[in-house]
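Trainee: Each chain is listed here by its residues.
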Amino acid sequence: MSQTDVLAGLAEILEEVAGVDPAAVTPEKTFIDDLDVDSLSMVEVVVAAEEKFGVKIPDDDVKTLKTVGDAVSYIQRAGVAA
Amino acid sequence: MTRSPRRVVVTGLGATTPLGGDVASTWEGMLAGRSGVVRLETDWIDTVPVHIAAPLAVEPPLGRVEARKLDRTQQMALVTAREAWADAGSPEVDPLRLAVSVGSGIGGVLTLLSQYDVLKAQGARKVTPHVVPMLMPNGPAATVGLELGAKGGVRAPVSACASGTEAIALAYELIRSGRADVVVTGGTEAAIAPLPIAGFAQMQALSRRNDSPTTASRPFDKARDGFVLGEGAGMLVLEAEEFARARGARIYAYLSGAGISSDAYHVAAPEPTGAGAARAVVEALECEGLSPSDIVHVNAHATSTPVGDIAESKALHLALGPAVANAAVTATKSMTGHLLGAAGAVEAVATVLALRDRIVPATRNLDALDDEIELDVVAMENRAIGSGAALSNSFGFGGHDACLAFTTS
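Chains A and B, in that order, give the protein sequences.
Using this note's numbering, the first residue of the first sequence is number 293, and each one after it goes up by one.
Using this note's numbering, the first residue of the second sequence is number 515, and each one after it goes up by one.
Bear in mind the hints are in silico, worked out from the structure with no lab data behind them.
Hints may contain errors.
[Claimed, not checked] Pairs of lysine-lysine residues, derived as DSBU-like cross-links and limited to a Cα-Cα distance of at most 30 Å, are as follows:
id, chain 1, residue 1, chain 2, residue 2
1, B, K583, B, K634
2, A, K344, A, K355
3, A, K348, A, K321
4, B, K665, A, K344
5, A, K348, B, K736
6, A, K321, A, K355
7, A, K355, B, K634
8, A, K344, B, K640
9, A, K348, A, K358
10, B, K640, A, K358
11, A, K344, A, K358
12, A, K348, B, K665
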């Protein structure tokens, strides 16, 4: 899946879960400080992303996903591995 | 040196009920004698023996993202807190002197039930991470505290159907004792679901008038056969009198007493002589030296159960003596149904407005007063009252008794 597709999919999830404007979802943005997604909502984002992209994102790995770009790369890699 | 306790005033009101989405429409509905009880149209209705309830008239006006992290009890607490806060003129208060006291009888039971369904059907990974904050019984109080930035303590009394009144009683003490200047206080409940209905029905507590929803809730009437489950929330802004006067706030009424007692008799049945409930009433009167003859109005707990309404009549006689004859008694649950932990808060709002407008809304569906009810129950037509004091009673499973006394001066 291309970076653009994953980014668009994440933006969709962030809008659904946390009301984030899709235009604000760019790779350099941090989930917590820039997009105001708290740790509980981040869990929802992860579960929705697992379903949408058919990947597994273990809880320990979630902590390493600080920015949208981190998540996009992780999902792309996990998708290839699967 | 002792300082006399501070007086407490009501400066803001909020409500969402089966009669309306705010205070104005709820009060208008009560004065018009409307019923909020309907036949439920849901896919689970045939799984339970009771098919009627009193749902909210207006869904809480919240955004989708805001609403999805909040249980329905929290949504209702939030919208009524916003209404009451705005009604009070959004007081500027030191956050450390602002407290919250909001009760709920059952807490986030709709979330608990729906997420348990998710767990069973889809597994643990699909359970929302918001489930615990949504189902915890202090959740509504916390929601209001976060909304207003209250740092003076957020409290959540739980005493079944007395929760809302107990929360307001606690708020009264917080201000009176000088621990807070402003308290946002009330109750909220949302439990219209098969499990609570089945449970109350098994207790033989609910009316079975499935074919006649609007006549099912009939407190004090000979033919009453149980309460009607309702949902909603009520909220008040209480302030220390000097604080409210210093900022030029509009004052609806004084909260001039609050009493809490317990029956120690049975987990669900009221103590039949009314002695426990009477102690709560007497305590409310004694807080600021009211006498029984001051009481011009009582908003009774009166849920429409056969034994509860009689016990309350006896309790009022024990507490007020012959002066009970001067009190115009009403049972607004005849219109709203029984809002459980929100009932006392909504009824506190109605009691304050009755004092302000000097009118008591008539009890709906009171065709023939039960012979064992020896009270002047307002029926058929609303009744004008003079200035004075008014009581609001609430009693809850567990033997909780609570009473608030409001005055015009």
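Trainee: Given the hint that K321 (chain A) pairs with K355 (chain A), does the C-alpha gap stay at or below 30 Å?
Mentor: At roughly 15 Å apart (the allowed maximum being 30 Å), K355 (chain A) and K321 (chain A) satisfy the hint.
Trainee: Take a quick look at whether K665 (chain B) and K344 (chain A) sit within 30 Å of each other, Cα to Cα.
Mentor: Roughly 41 Å between the alpha carbons, so the hint for K665 (chain B) and K344 (chain A) is violated.
Trainee: Does the alpha-carbon distance linking K344 (chain A) and K358 (chain A) stay inside the 30 Å limit?
Mentor: Given that 30 Å is the threshold and the Cα spacing comes to 20 Å, the pair holds.
Trainee: Is it true that the CA of K640 (chain B) sits at most 30 Å from the CA of K358 (chain A)?
Mentor: holds (23 Å)
Trainee: Keeping to a limit of 30 Å between CA atoms, is the pair of K344 (chain A) and K355 (chain A) held or broken?
Mentor: Answer holds: K344 (chain A) to K355 (chain A) is near 20 Å, not above 30 Å.
Trainee: Is the Cα-Cα distance between K348 (chain A) and K736 (chain B) 30 Å or less?
Mentor: With a Cα-Cα distance of about 64 Å, the restraint between K348 (chain A) and K736 (chain B) is violated, given a limit of 30 Å.
Trainee: For a C-alpha distance cap of 30 Å, please report whether K348 (chain A) and K358 (chain A) respect it.
Mentor: Roughly 17 Å between the alpha carbons, so the hint for K348 (chain A) and K358 (chain A) holds.
Trainee: Are the Cα positions of K355 (chain A) and K634 (chain B) separated by 30 Å at most?
Mentor: This hinted pair holds, its Cα atoms lying about 28 Å apart.
Trainee: Decide if the proposed pair is consistent with the structure: K583 (chain B) and K634 (chain B), CA atoms, cutoff 30 Å inclusive.
Mentor: holds (21 Å)
Trainee: Please work out if K348 (chain A) and K665 (chain B) have their alpha carbons no farther apart than 30 Å.
Mentor: Measuring from Cα to Cα gives roughly 40 Å; hence the hint is violated.
Trainee: Just to be careful, I want the Cα atoms of K348 (chain A) and K321 (chain A) compared with a cutoff of 30 Å; is the pair within it?
Mentor: With a Cα-Cα distance of about 22 Å, the restraint between K348 (chain A) and K321 (chain A) holds, given a limit of 30 Å.
Trainee: CA of K344 (chain A) to CA of K640 (chain B), is that 30 Å or under?
Mentor: holds (13 Å)
Of the hints listed earlier, those the structure fails to meet are numbers 4, 5 and 12, in rising order.
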